[in-house]
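A.B. asks: Sequence:
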Amino acid sequence: MALESYPVSSDAIALLEYDAETEECYVTFHKGGRYKIPGLPETEFMAWMASRSKGSFFNTNVKGQY
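In numbering that gives the first Met the number 0, the protein residues as written are 0 to 65.
Errors might be hidden in some of the hints.
Once the Cα atoms are required to be at most 20 Å apart in a straight line, the calculated DMTMM-like pairs of lysine to aspartate or glutamate come out as [as the list claims (entries may be wrong)]:
no., residue 1, residue 2
1, K30, E43
2, K62, D10
3, K62, D18
4, K35, D18
5, K62, E23
6, K62, E16
7, K35, E23
8, K35, E16
9, K62, E22
10, K35, E3
11, K62, E41
12, K62, E43
13, K30, E16
14, K35, E22
15, K35, E20
Read the hints as simulated data drawn from the structure, not as lab findings.
Based on the provided sequences and hints, a complete structural model is requested.
C.D. replies: Given below as structure tokens:
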């Protein structure tokens, strides 16, 4: 597993980590908690990274979808 770490500018999210080989993502929130998101396609992760609001993207496109 080769997780890449991506610190992000977000009120809610402190860090995103992603492994393109396994399509596993981990999200760490400022208020605590690190959650695994299995099966997140690389294209979706890249869209998340490019989004203006990481928290809104998570709530709309990721949470409950993977």
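A.B. asks: Evaluate each hint against the coordinates.
C.D. replies: How the hints compare with the structure:
In summary, the hint linking K30 to E43 is not supported, as the alpha carbons are separated by about 24 Å, beyond the 20 Å threshold. In summary, the hint linking K62 to D10 is supported, as the alpha carbons are separated by about 17 Å, within the 20 Å threshold. A distance of roughly 18 Å separates the Cα atoms of K62 and D18; the hinted pair therefore holds under the 20 Å criterion. Simply put, K35 and D18 have alpha-carbon atoms about 11 Å apart, close enough for the 20 Å limit, and the pair holds.
Between K62 and E23 the CA atoms are separated by roughly 14 Å; this keeps the pair inside 20 Å, and the hint holds. For the hint pairing K62 with E16, the CA-to-CA distance comes to about 16 Å; that is within 20 Å, so the pair holds. Distance check on the hinted pair: K35 and E23 sit about 7 Å apart at the alpha-carbon level, within 20 Å; holds. In summary, the hint linking K35 to E16 is supported, as the alpha carbons are separated by about 9 Å, within the 20 Å threshold.
Taking the CA atoms of K62 and E22, the gap is about 15 Å. The hint holds against a cut of 20 Å. Restraint check: the Cα-Cα separation between K35 and E3 comes to about 14 Å, which is no more than 20 Å; the hinted pair holds. Taken as a hint, the K62 and E41 pair is honoured in the structure, with Cα atoms around 16 Å apart against an allowance of 20 Å. For the suggested pair K62 and E43, the alpha carbons sit about 12 Å apart, so the restraint of at most 20 Å is met.
Of the supplied pair hints, the one linking K30 and E16 holds, its CA atoms being roughly 17 Å apart against a limit of 20 Å. Taking the CA atoms of K35 and E22, the gap is about 11 Å. The hint holds against a cut of 20 Å. Under the criterion of a C-alpha separation no larger than 20 Å, the hint pairing K35 with E20 is consistent with the structure, at around 15 Å.
Checked against the numbered hints given earlier, this structure breaks only hint 1.
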